[in-house]
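Residue 136 in the numbering used here sits at position 136 of the sequence shown, and the numbers go up by one each step.
Honestly, I wouldn't trust all of these hints.
DEER-style ranges, computed between Cβ atoms [unchecked claim]:
| hint | residue 1 | residue 2 | range |
| --- | --- | --- | --- |
| 1 | 176 | 88 | 24 to 34 Å |
| 2 | 175 | 77 | 33 to 43 Å |
| 3 | 63 | 106 | 31 to 41 Å |
| 4 | 63 | 88 | 18 to 28 Å |
| 5 | 173 | 212 | 45 to 55 Å |
| 6 | 202 | 55 | 12 to 22 Å |
| 7 | 70 | 103 | 49 to 59 Å |
| 8 | 96 | 44 | 21 to 31 Å |
| 9 | 70 | 183 | 35 to 45 Å |
| 10 | 77 | 147 | 15 to 25 Å |
| 11 | 44 | 5 | 37 to 47 Å |
| 12 | 197 | 3 | 16 to 26 Å |
| 13 | 177 | 212 | 13 to 23 Å |
Using 25 Å as the maximum straight-line C-alpha spacing, the simulated DMTMM-like pairs for lysine to aspartate or glutamate come out as follows [said to hold, decoys possible]:
| hint | residue 1 | residue 2 |
| --- | --- | --- |
| 14 | 206 | 138 |
| 15 | 70 | 138 |
| 16 | 70 | 146 |
None of these hints come from the bench; they were simulated from the model. Keep in mind that this is a model prediction, so the values were computed, not measured. Virtual Cβ for every residue (Gly too), placed ideally from N, Cα, C.
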Amino acid sequence: MKHPCRWLIYGLGMAVLAFGITLNTKAGLGVSPIISVAYSISQIFSLNFGDMTFVLYVLFVLVQLILRDKRERIATLLQIVVSLIFSWLLNLFDMLIPYRSADHSLPANLALLAAAIFLTGLGIAMTVNMRLVPNPGDGIVQAVAERIGRGQGFTKNIFDVGCVCTTIVVGFCFARPLVGIGAGTIAAMVGVGRSVALVNHLFQEKMLAAAGISAQAAQGKA
Numbered sequence: 001m002k003h004p005c006r007w008l009i010y011g012l013g014m015a016v017l018a019f020g021i022t023l024n025t026k027a028g029l030g031v032s033p034i035i036s037v038a039y040s041i042s043q044i045f046s047l048n049f050g051d052m053t054f055v056l057y058v059l060f061v062l063v064q065l066i067l068r069d070k071r072e073r074i075a076t077l078l079q080i081v082v083s084l085i086f087s088w089l090l091n092l093f094d095m096l097i098p099y100r101s102a103d104h105s106l107p108a109n110l111a112l113l114a115a116a117i118f119l120t121g122l123g124i125a126m127t128v129n130m131r132l133v134p135n136p137g138d139g140i141v142q143a144v145a146e147r148i149g150r151g152q153g154f155t156k157n158i159f160d161v162g163c164v165c166t167t168i169v170v171g172f173c174f175a176r177p178l179v180g181i182g183a184g185t186i187a188a189m190v191g192v193g194r195s196v197a198l199v200n201h202l203f204q205e206k207m208l209a210a211a212g213i214s215a216q217a218a219q220g221k222a
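When you get a sec, could you build the whole thing from the sequences and use the hints?
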């Protein structure tokens, strides 16, 4: 708490991440893999997307409780609070943004998708760099990576493929194939990671300095 900017950047990053994900769904070209399951279920059954994301994230937290050491349970459970706030932000932005992809041209939707991918990467970089409570989507990848002894990059790729496969299976089971899956899904798989790398290259040192975190300490906790 000696550095309130750390929490400010974290909270702003969470808002930017929710905004980027909302724009992703509005573009109508396919959503990012990790939210595709929640999005497809919300579309098939006419449920609230933010609420379904919260349910999915709670499941991620429960899996982490199984995979992680008992000493990390309190920190892991805090992700539920993050999930609740994040789902509220998703609902807020969905209500405030009236954009309908069907009413716009393909170039306009592609431009919106590009903005969504960059903002998602920016939000991830801001929240992860603050080393506070991880987003459950990032937390479960880290927990699985630690359990199987593989790198987070490799685990993230496998996890994304698993999410996409689950979404496709759900769609076919209810005669709604490829709901939420499209070119935008592939673009997000590649583009979000590159956006995180770009933001970190340009602004990571400034973010860490503003938050009172040394670069050496951040690397040690990575």
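Tested hints:
no.: 1; hint: 176 <-> 88: 24 to 34 Å; result: holds (27 Å)
no.: 2; hint: 175 <-> 77: 33 to 43 Å; result: holds (38 Å)
no.: 3; hint: 63 <-> 106: 31 to 41 Å; result: holds (38 Å)
no.: 4; hint: 63 <-> 88: 18 to 28 Å; result: holds (23 Å)
no.: 5; hint: 173 <-> 212: 45 to 55 Å; result: holds (50 Å)
no.: 6; hint: 202 <-> 55: 12 to 22 Å; result: violated (35 Å)
no.: 7; hint: 70 <-> 103: 49 to 59 Å; result: holds (52 Å)
no.: 8; hint: 96 <-> 44: 21 to 31 Å; result: holds (24 Å)
no.: 9; hint: 70 <-> 183: 35 to 45 Å; result: holds (43 Å)
no.: 10; hint: 77 <-> 147: 15 to 25 Å; result: holds (18 Å)
no.: 11; hint: 44 <-> 5: 37 to 47 Å; result: holds (42 Å)
no.: 12; hint: 197 <-> 3: 16 to 26 Å; result: holds (25 Å)
no.: 13; hint: 177 <-> 212: 13 to 23 Å; result: violated (49 Å)
no.: 14; hint: 206 <-> 138; result: holds (23 Å)
no.: 15; hint: 70 <-> 138; result: holds (19 Å)
no.: 16; hint: 70 <-> 146; result: holds (15 Å)
Hint compliance for this structure: hints 6, 13 are not met, and every other hint is.
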